[in-house]
Structure formats: structure tokens, C-alpha cells
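Work out the full structure: start from the sequences and follow the hints.
These are the residues of each chain, in order.
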Amino acid sequence: SQTIHQWPATLVQPVGSPLSLECTVEGTSNPNLYWYRQAAGRGLQLLFYSVGIGQISSEVPQNLSASRPQDRQFILSSKKLLLSDSGFYLCACTPSGGGRWSTEAFFGQGTRLTVV
Amino acid sequence: AQKITQTQPGMFVQEKEAVTLDCTYDTSDPSYGLFWYKQPSSGEMIFLIYQGSYDQQNATEGRYSLNFQKARKSANLVISASQLGDSAMYFCAMREGTTSGTYKYIFGTGTRLKVLA
Chain A
1 SQTIHQWPAT LVQPVGSPLS LECTVEGTSN PNLYWYRQAA GRGLQLLFYS VGIGQISSEV
61 PQNLSASRPQ DRQFILSSKK LLLSDSGFYL CACTPSGGGR WSTEAFFGQG TRLTVV
Chain B
1 AQKITQTQPG MFVQEKEAVT LDCTYDTSDP SYGLFWYKQP SSGEMIFLIY QGSYDQQNAT
61 EGRYSLNFQK ARKSANLVIS ASQLGDSAMY FCAMREGTTS GTYKYIFGTG TRLKVLA
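Here the protein sequences line up with chains A and B, keeping their order. Note that my numbering has the first sequence beginning at 1, numbered continuously upward. Note that my numbering has the second sequence beginning at 1, numbered continuously upward.
Please note that the accuracy of each hint is not assured.
Claimed, not checked - To be clear about the criterion: a stretch of chain B counts as covered by chain A if any three or more of its residues have a C-beta under 8 Å from a C-beta of chain A, and this derived list gives those stretches: (1) 10-18; (2) 73-84; (3) 89-100; (4) 103-111.
To be verified - With a cut-off of at most 20 Å between alpha-carbon atoms, the simulated SDA-like pairs for lysine to any residue come out as follows: (5) B:Lys73 / A:Ser102; (6) B:Lys3 / A:Ser102; (7) B:Lys3 / A:Gly54; (8) B:Lys73 / B:Gly97; (9) A:Lys79 / A:Ser17; (10) B:Lys70 / A:Lys79; (11) B:Lys3 / A:Glu59; (12) A:Lys80 / A:Trp101; (13) B:Lys3 / A:Gly41; (14) B:Lys3 / A:Ser17; (15) B:Lys114 / A:Arg42; (16) B:Lys3 / A:Lys79; (17) B:Lys114 / B:Lys70; (18) B:Lys3 / A:Gln13; (19) B:Lys3 / A:Ser20; (20) B:Lys3 / B:Asp26; (21) B:Lys114 / A:Gly41; (22) A:Lys80 / A:Gly41; (23) B:Lys16 / B:Lys73; (24) B:Lys3 / A:Gln45; (25) B:Lys3 / A:Leu47; (26) B:Lys3 / A:Val60; (27) B:Lys3 / A:Pro61; (28) B:Lys73 / A:Trp101.
No wet-lab data here; the hints were simulated from the structure. Note that this is a predicted model, so its numbers are computed, not measured. Think of the CB as a built atom: it goes at the ideal place given N, C-alpha and C, for glycine as much as any other residue.
If you want it as C-alpha cells, here you go:
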């Protein structure tokens with residue numbers, strides 16, 4: 001079965017500093033990968049998704065970018081963090097091609113980012 | 001427009017009672033999937049139950065059932081015999097196709113459930 005590793009678990013960064021959050025997946029090849037952000041007390045907002053190496057789709061314009069340098073690696077980055085980037089960031093995956101309609105998205109443990 | 005709407009920011013329920021968490025969705029696709037997730041205070045996302053757009057019967061998984069009313073575009077989660085451990089945030093989500101041929105999952109804003117002893 002698949003396992004998603006996210007690190008770090010918590011992060012406190014000053015405004016204007018760069019950001020790099022990493023997500024790696026085990027137990028499946030060529031997965032679909034997703035980055036979500038959850039602001040305090042809010043729902044999950046889809047930020048980016050990827051169907052393969054180098055293929056990134058952005059859902060909302062923002063201060064963040066994503067990259068997929070390897071099949072099972074998904075990175076969320078920022079050159080200069082804003083206070084509004086604070087939140088809980090979750091990486092998720094589904095099997096290659098998305099699986100069946102009943103296939104749920106499988107989530108990592110998340111990274112709690114506080115920008116100060 | 002919101003694709004997934006959860007109108008109850010917070011709910012209270014007495015232990016051992018049943019509770020219904022509301023979810024309405026908006027899509028013009030004939031094929032879609034609806035999911036419910038539980039998020040405890042630890043932050044992990046736990047998949048609870050799935051309902052397909054073509055499923056004739058309401059989905060059930062143990063104490064969880066989904067009241068699917070397709071014409072109303074609603075997919076309410078029913079938790080029977082609530083337990084203290086059910087206290088958490090609950091998210092409704094819809095899986096939909098993308099122009100690039102894959103799928104994405106759109107989530108609602110969630111409902112925070114508190115079970116009272």
C-alpha cells in the first residue's frame with residue numbers, strides 16, 4: 001500500500017524567507033500528486049496537482065510554486081513567504097491515471113507552516 | 001461558485017445519538033464521486049465513505065452512512081451512535097475530471113463535530 005512522507009512536520013519561517021516543502025510517495029508508481037492548503041479553521045484548498053514528472057497544474061494564482069523532479073517526489077516552494085502563506089499543507093496522491101471513481105485521495109501527515 | 005457547500009461550521013451531538021452533517025455539491029458532469037473525510041486534531045485526513053453518481057443505493061460503512069439525494073445534489077453524512085472519538089472536523093469532497101484527463105478532489109469548508117458525554 002502507498003505511504004506518503006511529508007517533512008518537516010512543523011515550520012516557523014520569517015516573512016520574506018524562502019520555502020521548500022517536500023512530499024515523497026512509496027508503494028505506487030506514476031501517482032497523481034496534489035498539494036492542498038488548509039488555513040486555520042478553513043477547508044482544504046487545492047493548490048497544485050501533477051500527473052507526471054515536470055507536469056504541474058496550478059489551481060489558484062499565488063505566491064507558491066510546485067515542482068515534480070522525480071516520479072514520486074513533489075515539492076512546494078516559495079521565493080518569499082507572506083504572512084498569508086501560513087497554514088497546514090497537505091500532500092495527497094492517487095494511483096496512476098487516478099484509479100477508479102471510487103478511489104479516494106490518500107493524504108500525508110501534513111506540514112504546519114507559520115510565517116512570522 | 002462553490003462546488004462543495006457545507007453549511008454547518010459546527011455541530012454538537014450527545015454521545016450515542018445520531019447526527020447528520022450536510023453537504024451539497026454542484027456539477028454538470030454525469031459522472032462524479034463523493035467522499036467524506038474525518039480530520040482529528042492531529043491533522044491527518046481519514047477517508048470514511050464514498051458514493052458514486054451512478055450508485056443506486058446509499059453507501060454505508062459501519063456507523064457511517066451517506067444519504068445521497070441526486071436530484072437535490074446533496075450527500076449528507078449520517079453518523080449513528082456517536083462516540084467521543086468522533087469529535088473532529090468532517091470534510092465533504094467531490095472527485096471531478098480535469099481538462100488534462102486526470103482527476104482532482106474539491107473539498108468543502110468542513111463541519112466541526114463535538115460529541116458531548
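To see whether the hints hold, each was checked on the structure:
Note: the segment 10-18 of chain B has 0 residues with beta-carbon separation from chain A under 8 Å; the three-residue rule is not met and the coverage is violated. For the segment 73-84 of chain B, the assignment as covered by chain A is violated, since 0 residues bring a beta-carbon within under 8 Å of that chain's beta-carbons and 3 are needed. For the segment 89-100 of chain B, the assignment as covered by chain A holds, since 5 residues bring a beta-carbon within under 8 Å of that chain's beta-carbons and 3 suffice. Coverage of the segment 103-111 of chain B by chain A holds in this model, with 8 residues showing a Cβ closer than 8 Å to a Cβ of that chain against a need of three.
The straight-line distance between the Cα atoms of Lys73 (chain B) and Ser102 (chain A) is roughly 18 Å, inside the 20 Å bound, and the hint therefore holds. The suggested pairing of Lys3 (chain B) with Ser102 (chain A) holds, with an alpha-carbon distance near 19 Å, which does not exceed 20 Å. Taking the CA atoms of Lys3 (chain B) and Gly54 (chain A), the gap is about 28 Å. The hint is violated against a cut of 20 Å. For the hint linking Lys73 (chain B) to Gly97 (chain B), the alpha-carbon distance of about 18 Å falls within 20 Å, and the restraint holds.
The suggested pairing of Lys79 (chain A) with Ser17 (chain A) holds, with an alpha-carbon distance near 7 Å, which does not exceed 20 Å. Between the alpha carbons of Lys70 (chain B) and Lys79 (chain A) the distance comes to roughly 45 Å, so the proposed pair goes past 20 Å and is violated. Using a Cα cut-off of 20 Å, the hinted pair Lys3 (chain B) and Glu59 (chain A) holds, with the two alpha carbons roughly 14 Å apart. Between Lys80 (chain A) and Trp101 (chain A) the alpha-carbon distance is near 38 Å, which puts this suggested pair outside the 20 Å criterion.
Distance check on the hinted pair: Lys3 (chain B) and Gly41 (chain A) sit about 19 Å apart at the alpha-carbon level, within 20 Å; holds. Between Lys3 (chain B) and Ser17 (chain A), the direct Cα distance comes to roughly 34 Å. Violation of the 20 Å bound is thereby established for this hinted pair. Our distance criterion of 20 Å between C-alpha atoms is met by Lys114 (chain B) and Arg42 (chain A), whose separation comes to about 17 Å. Annotation: proposed proximity of Lys3 (chain B) to Lys79 (chain A) is violated, straight-line Cα distance about 31 Å (limit 20 Å).
Distance restraint check for Lys114 (chain B) and Lys70 (chain B): the Cα-Cα separation of roughly 28 Å exceeds the 20 Å cut-off, and the hinted pair is therefore not satisfied. The hinted pair formed by Lys3 (chain B) and Gln13 (chain A) fails the criterion: a straight-line CA distance of about 33 Å is larger than 20 Å. Annotation: proposed proximity of Lys3 (chain B) to Ser20 (chain A) is violated, straight-line Cα distance about 30 Å (limit 20 Å). Annotation: proposed proximity of Lys3 (chain B) to Asp26 (chain B) holds, straight-line Cα distance about 5 Å (limit 20 Å).
Under the criterion of a C-alpha separation no larger than 20 Å, the hint pairing Lys114 (chain B) with Gly41 (chain A) is consistent with the structure, at around 14 Å. Restraint check for Lys80 (chain A) and Gly41 (chain A): not satisfied, since their Cα atoms lie roughly 24 Å apart, outside the 20 Å limit. A hinted pair counts as satisfied when its Cα atoms are at most 20 Å apart, and Lys16 (chain B) with Lys73 (chain B) does not qualify at roughly 29 Å. The hinted pair formed by Lys3 (chain B) and Gln45 (chain A) meets the criterion: a straight-line CA distance of about 12 Å does not exceed 20 Å.
Taking the CA atoms of Lys3 (chain B) and Leu47 (chain A), the gap is near 16 Å; set against the 20 Å cutoff, the hint holds. Proposed proximity of Lys3 (chain B) and Val60 (chain A) is supported: the alpha carbons are some 15 Å apart, at most 20 Å. Distance restraint check for Lys3 (chain B) and Pro61 (chain A): the Cα-Cα separation of roughly 19 Å lies within the 20 Å cut-off, and the hinted pair is therefore satisfied. With a C-alpha separation of about 17 Å, the suggested pairing of Lys73 (chain B) with Trp101 (chain A) holds against the 20 Å cut-off.
Violated hints, listed in ascending order, are 1, 2, 7, 10, 12, 14, 16, 17, 18, 19, 22, 23; each of the other numbered hints is respected by the structure.
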